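K.L.:
With chain B's structure known, arrange chain U on it following the hints.
Chains B and U supply the protein sequences, listed in that same order. In case it helps, full-length UniProt numbering puts the first sequence at residues 1 to 648. In case it helps, full-length UniProt numbering puts the second sequence at residues 1 to 648.
Calculated from the structure, these hints are not laboratory results. Remember, predicted model here, so these are calculated numbers, not experimental data. Warning: the hint list may mix true and false statements.
Because identical chains share one entry, a pair is satisfied inside a single copy or across any pair of copies.
To be verified - Calculated pairs, DMTMM-like style, for lysine to aspartate or glutamate (alpha carbon to alpha carbon, straight line, at most 25 Å):
hint : residue 1 : residue 2
1    : Lys129    : Glu628
2    : Lys176    : Glu485
3    : Lys155    : Glu630
4    : Lys581    : Glu282
5    : Lys536    : Glu216
6    : Lys155    : Glu633
7    : Lys539    : Asp199
8    : Lys164    : Glu53
9    : Lys278    : Glu628
10   : Lys278    : Asp615
Number of protein chains: 2
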Amino acid sequence: MQKSLSVYDSDGSTFAPLVVIELVSETKEEAIAWLLNRVRDKQQDGGAELLVEQLTPGAQGTEKDNPNVYVVGASWQRLLYGAEDVGLFKEFNDGSMRGFTYANKHNFKEFQGDGDGFLSMAECQYIIKHELDNLRAKDEAHVPGYPKMKLYPGKSVIRRMQSKGILVQVFPLHEKEELKRLSFSWFKKIKLSFQPLDDIRHYFGEGMALYFGFLEYFTLALIPMALIGIPYYLFDWEDYDKFTVFAGFNLVWCTVILELWKRLSASLAYGWGTLSRKKAFEEPRPGFHGVLGVNPVTGRAEPLYSNAKRQLRIYLVSVPFVLLCLYLSLYVMMIYFDMEGWALMIHDEEPTFWTGLLLFIPSIIYAVVIEIMNLIYRYAAEFLTGWENHRLESTFQNHLVLKVLVFNFFNCFASLFYIAFVMQDMVLLRQSLATLLITSQILNQIMEAFLPYWLQRRRNKKAHKRMIKTMEDKELPLSEQVKLEADMSTYLGTFDDYLELFLLFGYVSLFSCVYPLAAVLVVLNNVTEVYSDAFKMCKVFKRPFSEPAANIGVWQLAFEAMSVIAVVTNCALIGMSPKVKSYFPESETQLILWVVGFEHFLLASKFILTFVIPDVPKHIQIKLSRLEFESLEALKKRMFITLHVAQK
Amino acid sequence: MQKSLSVYDSDGSTFAPLVVIELVSETKEEAIAWLLNRVRDKQQDGGAELLVEQLTPGAQGTEKDNPNVYVVGASWQRLLYGAEDVGLFKEFNDGSMRGFTYANKHNFKEFQGDGDGFLSMAECQYIIKHELDNLRAKDEAHVPGYPKMKLYPGKSVIRRMQSKGILVQVFPLHEKEELKRLSFSWFKKIKLSFQPLDDIRHYFGEGMALYFGFLEYFTLALIPMALIGIPYYLFDWEDYDKFTVFAGFNLVWCTVILELWKRLSASLAYGWGTLSRKKAFEEPRPGFHGVLGVNPVTGRAEPLYSNAKRQLRIYLVSVPFVLLCLYLSLYVMMIYFDMEGWALMIHDEEPTFWTGLLLFIPSIIYAVVIEIMNLIYRYAAEFLTGWENHRLESTFQNHLVLKVLVFNFFNCFASLFYIAFVMQDMVLLRQSLATLLITSQILNQIMEAFLPYWLQRRRNKKAHKRMIKTMEDKELPLSEQVKLEADMSTYLGTFDDYLELFLLFGYVSLFSCVYPLAAVLVVLNNVTEVYSDAFKMCKVFKRPFSEPAANIGVWQLAFEAMSVIAVVTNCALIGMSPKVKSYFPESETQLILWVVGFEHFLLASKFILTFVIPDVPKHIQIKLSRLEFESLEALKKRMFITLHVAQK
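The following block holds chain B by itself, in its conformation from the complex (with noise of 0.2 Å):
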């Protein structure tokens, strides 16, 4: 951890801040006091027992500057027992991963004197988010001097502030020098290697560092896939039935790489503690709103909200407006058709360089039109999945994921479907694929990474001119590194990229055996893709909270999906193909029973390959059984030991 930086206590003690916790600059004195008198005090009487002291404006501190930001560290001891308390998986003398206890700590491997850096930064910054968000009104019935901002008994303080508006946010503090390091080793060398997933775990997290072991397993799987697609291209270009033995690779491939990510993905997360960690019970999410009831599960006072509304609110909102939205992108697609009719009608009367150019445009127009869509649609998903009301992050989640992934899946492969099924046109579903692969590719890190960078510049260029050419500084003073980091813009989470690699997985299971290239050019995306998202983590967002994880959840079921539809796709596909075709001259009739017969034998080994595959290697299985073991032995050893005492 970082020991450069530091601010004094009240009690005149330094401590390392972790987390910056800013409110809007006219908060009412007495609520600040109160907020942070509940943040230092005493666990026994309901504080967090963190350490939080006002950030004092540094030399270059101007009048406009919001002097209510605060910085919020704690002891070693209190992060400790944080550990304990949010259970985090550390590595035990025996080289297995044992939930952290205060009582044991000596005990665990990288353990030494004190305990000072046996945490990460970012794991205590997570500690200090999870005591500040488990911080709960008492018997206050509002936050002082806010008598409209309304508290009961048990609910979470920062998110009632956050949801009123007078928490402007809270978020981690960046670790300059392990940053550098980072960065260096991750995209900064020029040198071709893996990610340095254990070093963006301990920076980041084990959410993020998932994603971008996802990411770079996705592209190395595909690395064979490319290999066999260039001399296919180069040497088959125009030879349409050889595409069956593509399609057959297709099948096995996409089957067989989603099962060893499970396998890869668990090794990954025992290795970091999170495999086996439990889940804490989930709160409402801040967003949640509803009438005071009381919770059946925690009896705790909490909003309520029936599930009789949102259920009615999904089935007569949520669900005909996602509806309309695919009604509307279908009929965005025919005029793409129109277009593209009207460009080949031009193109044949008078072939020129510039109308076989004009062929193009159609194309280029609509992947243009369906990022746009599709940027717009994820708003409004945004809102309703909100209005909806969920009470979990999870749920919300949940059914945000759900809805964007049909839109997105609808948007972008409605068309290739309708050129492949319906008008059975080969060469233009190459041509459309090709573009839109290139297309959306550029778009996509023109939006991602350079967009952002380029707004953040033009704003930290009029709000701190001077400080741009001080920001590679090493020695920047500790309220100038808050007020840069908290003019960045804040990191959404890995929604936006994982559905990116899940549509680049569409094209390519889908569609690749018509245009084997498609392996190549996500090939090329991803490896611009890690740079170019490595890039912005350190550069252009905020540091964000780590987010324990244990695998990359929901989107692990939307790519199996994705895998069953390709199954189908690709069958389909060596159906039309003329070779299977010429097999059977006779009647189509035999060849539609044999190609569906086939695909029900796939679909069936799949699903049997699923639950034969463990999802655990066995090395792994046999060291969580061994802690489940030692748990349940422990326990009748504790129950053993009450059944002497009291027979004596």
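P.N.:
This is chain U only, laid out in the frame that chain B set:
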């Protein structure tokens, strides 16, 4: 619990006999003395701390009777500690189900006084079995008196003596009074009523009660099907093209009932306290053998057997054997069709009443042959699975179920599939289905209940001629009761019963659209099945040890697989119906594509439905999360105390 029977233990006080241990009559004295001591020893000395006495032969005792029969019991306190040990869930004062702990005993609902009557006899017997199975060798190198019966520290003594054959059997005693009451409410009264599931569970345990619950549920679920089937059968007998509606109904039916069963079974299991019960660590099965090594999970000495060797045995011997059997079954099927054709030829030449009867002969012979093949294969499968040398009983069971299921499915349905889709002869299909159903039903009832009963009666007649009369007598002395029960057949578990239901489910879900009476026949079969199963459990077999179960396990999966096959089959049948064909007069290809599309849509809906319908009803989910939340809170409180004790 029964109080009528009791034996005196070595201290002269009485205890209720619960479980019987029978050793072979020539067992050496020192082995017996050692075993009894180990069973009686205190737990801190590694014993089971149970009460055990030799059974004193009654008045009718003859020289031929085995003297080495022992009855086992336990003190109430020991049983209560045992209940905590095995992780029994009981109803708490607040109505929720909680893991029983001795310390907390007075907060459980039905706990009164010293706790007598709190545990059912089946639970007590289960606890005693658990404690006996967990009686482990300490430093004995072998069973005293038997140098070849090797022991090593941690080896279960009972299992070793059982696998070496000096322990004949361990079985729980019947409880005459309660059995009489159960028999009456179960099958002796003529009035039709719901199954007394709670009583069954009380007497036979959760596994058995879930089987009867499923049997009842399945029968009730079939009733709408049967009600539709009867008029259908009566008025549309020769109208082949009306079966599409029925097929559609079938599709929905088989998906919905399985989903609802999951919820119902979760409710039942919650009420019985098995839903959230943790599984204990599984010991190797008695038949497992290997080179002595160290188990990587427990660190205990234990035979080890290489996984690679087992895989070789599975893939090089078992799989080819199963395939060979499938081929054989196909061969027999072809012979059947030859016979069928031959009978038809004779009938066509000179149709008389007798040749009309002859038409049914091949089907009947085939049905009998199928039953015989299933039986032989069953033994082969058990032998092979045992030879594969699986470490755990559960893996052994899964491999056995898989082997038996595949063959039975093939054996029973191959001919029907052949008739339906290759011969496309709906009249023959109907006729075969009827013959198969009726023959197998009659055969099953005979084989399952009446044959064993008759065999047992005959055996009893030989051995204890006079006792048959006194068996009905209430005041049978303990020694006679034990002798009678020891001679009863052993119930081998619910495997065969579930298998029969599985096949019946297949007949109905796959083909009932062409033979609507199938559902009616199955309902009739199930009603008699309930009675014959209940009869055999109470009268024919030894009481089985109760088996805690939270669901029907691998059978849920098997039934779901069948319902997927049913979707495919019914769609194909719909596509073959003349009525649907008439919608596509020009193109068969169009028809098939539509049917396939429809089928994919159904499969996708089925999959989504499985996801959307929660497996556990809401109100039980709330109770479960409440428990989990409370244990999390308790953990936090404990930690909080540790924290502040440490700080002081």
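K.L.:
Hints first: check each against the structure and report whether it holds.
P.N.:
Results of checking the hints against the structure:
Proximity of Lys129 and Glu628 under a CA criterion of 25 Å is satisfied inter-copy only: 23 Å between copies versus 29 Å inside one chain copy. Taking the closest pair of Cα atoms, Lys176 and Glu485 come within 25 Å of each other only inside a single copy of the chain (11 Å); across copies the shortest separation is 79 Å, beyond that limit. Within a single copy, Lys155 and Glu630 get their C-alpha atoms only as close as 37 Å, which misses the 25 Å cut-off; across copies the closest is 18 Å, which meets it. Taking the closest pair of Cα atoms, Lys581 and Glu282 never come within 25 Å of each other, the shortest separation being 56 Å inside a single copy and 55 Å across copies.
Proximity of Lys536 and Glu216 under a CA criterion of 25 Å is satisfied intra-copy only: 17 Å inside one chain copy versus 61 Å between copies. In the homo-oligomer, the alpha carbons of Lys155 and Glu633 lie at most 25 Å apart only across protomers (16 Å), although the nearest pairing inside one protomer, at 39 Å, exceeds that limit. For the homomeric pair Lys539 and Asp199, the shortest alpha-carbon distance inside one copy (16 Å) is at most 25 Å, but the shortest distance between copies (68 Å) is not. In the homo-oligomer, the alpha carbons of Lys164 and Glu53 lie at most 25 Å apart inside one protomer (23 Å), although the nearest pairing across protomers, at 74 Å, exceeds that limit.
Taking CA atoms no more than 25 Å apart as the test, Lys278 paired with Glu628 passes in both settings, with 13 Å inside one copy and 11 Å between copies. For the homomeric pair Lys278 and Asp615, the shortest alpha-carbon distances inside one copy (18 Å) and between copies (21 Å) are both at most 25 Å.
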